[in-house]
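> Sequence:
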Amino acid sequence: MTDTSLAAFKDTSETLAEILQRQDSAANPSLKPVDMPKDSATFAALIDSLRYTLKKDTVIAVTNKADTLRTDSVRRSASGIEAPIDYNAADSLVYDAETGFAHLFGSAKVSYQNMELTAEHITMNMDSSLVHAVGVMDTTAKELKGTPVYKQGSENYESERMSFNFKTKKGFIQNVKTTQGNGFLRSVNSKRSNDGYFYLENAKYTTCDADCPHFYLQLTRAKINPGKETFFGPANLVVADVPLPLAIPFGFFPFNKSYSSGLIMPTYGDETARGFYLRDGGYYFAISDRIDLKLLGEIYTKGSWGVSAESNYAKRYKYRGNMFVSYLTTVNGDKNMPDYSKTTSLKVQWTHSSDPKANPNTSFSARVNFATQNYEKNNLTSLYNPLSYTQSTRASSISFTHSIPSIGLNISGSSNITQNLRDSSMAVTLPDLSVSVSRFYPFRRKRIVGSERWYEKISMSYTAQISNSINTKEDLLFQSNLIKDWRNGIQQRVPIDATFQLFKFINISPSVSLNDRIYMKREKRSWDEQRQTEKRDTEYGLYNLYDWNASVSANTTLYGFYKPWRKLFGDRINAIRHVVKPSVSFTYAPDFTNESYGYTTHYVKTDAQGNVSTVSYSPYANALYSYPSSRRQGSISMSLSNNLEMKMKSDKDTTGYRKISLIDELSGTLSYNLAAKTRPWSDLSMRVRMKLSKSYTFSMAAQFATYAYEMDAKGKVYVGERTEWSYGRFGRFQGMSQNLSYTLNNQKMMTFFGLLAGRGWDKVFGSEKETEERRDDKDDVDSEDVNVDPILKRSAKKVEKKAKATVDEDGYLVFSMPWSLTFSYGVTMREDRSKPINTRRMRYPFAFTQTLNASGNISLAKGWNISFSSGYDFNYKQISMTTASLSRDLHCFEMSCNIVLRPYSSFNFSFRARASELADALRYEKRSSYSSNIDWY
145 MTDTSLAAFK DTSETLAEIL QRQDSAANPS LKPVDMPKDS ATFAALIDSL RYTLKKDTVI
205 AVTNKADTLR TDSVRRSASG IEAPIDYNAA DSLVYDAETG FAHLFGSAKV SYQNMELTAE
265 HITMNMDSSL VHAVGVMDTT AKELKGTPVY KQGSENYESE RMSFNFKTKK GFIQNVKTTQ
325 GNGFLRSVNS KRSNDGYFYL ENAKYTTCDA DCPHFYLQLT RAKINPGKET FFGPANLVVA
385 DVPLPLAIPF GFFPFNKSYS SGLIMPTYGD ETARGFYLRD GGYYFAISDR IDLKLLGEIY
445 TKGSWGVSAE SNYAKRYKYR GNMFVSYLTT VNGDKNMPDY SKTTSLKVQW THSSDPKANP
505 NTSFSARVNF ATQNYEKNNL TSLYNPLSYT QSTRASSISF THSIPSIGLN ISGSSNITQN
565 LRDSSMAVTL PDLSVSVSRF YPFRRKRIVG SERWYEKISM SYTAQISNSI NTKEDLLFQS
625 NLIKDWRNGI QQRVPIDATF QLFKFINISP SVSLNDRIYM KREKRSWDEQ RQTEKRDTEY
685 GLYNLYDWNA SVSANTTLYG FYKPWRKLFG DRINAIRHVV KPSVSFTYAP DFTNESYGYT
745 THYVKTDAQG NVSTVSYSPY ANALYSYPSS RRQGSISMSL SNNLEMKMKS DKDTTGYRKI
805 SLIDELSGTL SYNLAAKTRP WSDLSMRVRM KLSKSYTFSM AAQFATYAYE MDAKGKVYVG
865 ERTEWSYGRF GRFQGMSQNL SYTLNNQKMM TFFGLLAGRG WDKVFGSEKE TEERRDDKDD
925 VDSEDVNVDP ILKRSAKKVE KKAKATVDED GYLVFSMPWS LTFSYGVTMR EDRSKPINTR
985 RMRYPFAFTQ TLNASGNISL AKGWNISFSS GYDFNYKQIS MTTASLSRDL HCFEMSCNIV
1045 LRPYSSFNFS FRARASELAD ALRYEKRSSY SSNIDWY
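Residue numbers (the working numbering): 145 to 1081.
Simulated from the structure, these hints should not be mistaken for lab results. All C-beta atoms, glycine included, are put in the ideal place defined by N, C-alpha and C. Be a bit skeptical, because a hint or two may be false.
Pairwise CB distance ranges (calculated) [to be verified]:
(1) Ala694 to Phe584: 17 to 27 Å
(2) Gly754 to Tyr684: 31 to 41 Å
(3) Tyr471 to Asn699: 55 to 65 Å
(4) Lys1006 to Gly250: 35 to 45 Å
Use the sequences and the hints to build the structure in full.
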């Protein structure tokens, strides 16, 4: 058996010069040995002198007494070469016919099949196909340039010296550097065998891409199967060039580029309540290119355990999705003790989406996120993720749609589940089917000749919905009866409308809406005189309920322009435009609560004292779509919308003018019911929206009650029949809700202090180019989620932003410590009827609900980042969810510490390598259990 060890190779190896001289002497004994210089400096000097003697552009006449046909590339049987060897050099090529040497200078390149060798200087033996490549010392930079680079397929090896035999496909490399997977291998001496394997001695493996790696594994021996795996012998960890007493006898690194089945190593640790654990260990099944399966398990020393399965599937241009199922058994306390408990938890997640390219008219999607009430509390990962641990609701949906564009038909179906994790209640809709026909014009001619006739403007559409739903608890869902407990029904709607123009400026739109409901059961009520209770009986059958309403509306748009007085406002304001959109509508509907329609009925109640009364009710009050409960309507609705804009001169705009919105919208709506016998006026609804800046728009909606409070003889307050206007007061303000947020950072503070110091806007903001650069480097904060730790939201974005150092006018480095602080204030204002009314003004005092949230981050230095988030509830006078995070980017390592302070306390410290190959091996984690004194909301 051939010895392929590195020592055997070194013992039997010969220098290139010795091999060439021995072969040439055997072929021609008259040749004298040639002494080749062994050090690179002497060799380079020799080549330079030879190059000076021969000159670069000299045509060298080569004479060889040997038969030139013996080196013909067509005859390959004796040489063992299976393909032509291509070689070239950018500088010059020197060939010695007597020795058979070819010297290539300047970006030399030799190619054979899928192998390629490049270097600054390459020496070839044209008979034995032996190649020797070295770099050349750059006397100016004092370093080697043009070092040999060997490529075979996608593999790349860089070294200082390299020898290779194209016949035997063996090679010897010194100080090689190569990339395998996400790691880097360096070796002092390396050998390549004819089967493509590399044998390394005194090698280093690291995932750090620095020239001087911050850490590496010192490998005594290693064997590389390029692109697949690396096996190594005894190895120890070296950090900052300091060997650590951490060693392993052997190991391997898989570098398979195509996914394959294999073991998943578990993580270890300890948890206060459940003991030591092994988590997330299992097996990965690479079933096919379209589907895979990952099975994981976890076990704790105190009896808890769990299993999970996850599968990804995809078919190009068809669909893709993911399925995840997890089951946990959690044991707390000791057996036969009062605090002993054993609970089971389940979680199911499924996402699926179909590709529109498969069928543009059909789509199927799923987003299932179902979990039992106690799953997140028992899942160890959720304890350190406030976003999951404090989640109170979950929503799941599965939907299907299909459309037929030729006839405008759309069919859709869905199933929805909404969970409340606080009380384990859930709302299930299974299924929810919908059929709709798009708007069409039944009286329109297929071929229109002449002007359009009035009846051709009449349009109609159709919508039908079939639904089946239930509100229940988790443990009662599968015990429910489909007929008795579930609510189901069918609802149909047919709107008919048209639009006409009156006097070219007024739009008249009449419409009629037909509605229908179908139920399978109804509830009859009666009075039991003996028990003095109400009896309820369910009747099953087919029950149809319908209603209709008709309306007509008129609207137009009015424009007004005002040119301000130039002596007062100057020449910059060109004009102010006022847009008014009035609208009036009339709606009529009969009184469907009349018992003649059959939607309402009554029973006679006789109490224990003999008092007789009539109780009205609807058998369909608890039905899915309720019943037509509106009384007779003959209401007139009026609305008025305003928009105010200003046109100013501007040098930045190409048109010379720019528009400024003063008021985006100021609208009000009020209605009067002609059919109502009491309180015909509705409340006044108003809305205002103004764009205060480019990034902030103020919006508020308010409602003003029309009728005033009155007090009866007993002092009880009720809504009377007199309007607030009759008392000379505006409508009673019902309340409002508003949320304001603002982000403060170092750039804004610099602007503020710069203005106070009297510096101009150019000094404060700098040039336009500098402003753009700062805008690109700005770290925006999401004002909508100011109570969420930014580290948690950006945990998946581990990208380091590299910024150039900036200097001031004097050439000193500009001090920079980027920070941001976001405040969010929410206030809700409403009438507090629990307090006594003001008898003089007949108004209740207002109650305010206020919350203040704050989050921020600061970068102490490059790689250091501190973030926090907290809030305060003024009503409960308590601090809301409070978290803090510290992260440190250590180039090839990362350190993070996340702390939850309220409403429970926990911490999670992690220090690990960034590369996935070493993330599980080179890591340290410390986690706490949540405190026993949890203060829930």
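> With reference to the structure, classify each hint as holding or not holding.
Evaluation of the provided hints:
At roughly 20 Å, the beta-carbon separation of Ala694 and Phe584 lies within the given 17 to 27 Å, and the hint holds. In this structure the hint that Gly754 and Tyr684 lie 31 to 41 Å apart at CB holds, the actual value being about 36 Å. Remark: the range hint 55 to 65 Å for Tyr471 to Asn699 is upheld by a beta-carbon distance near 60 Å. In this structure the hint that Lys1006 and Gly250 lie 35 to 45 Å apart at CB holds, the actual value being about 41 Å.
Of the numbered hints listed earlier, not one is contradicted by the structure.
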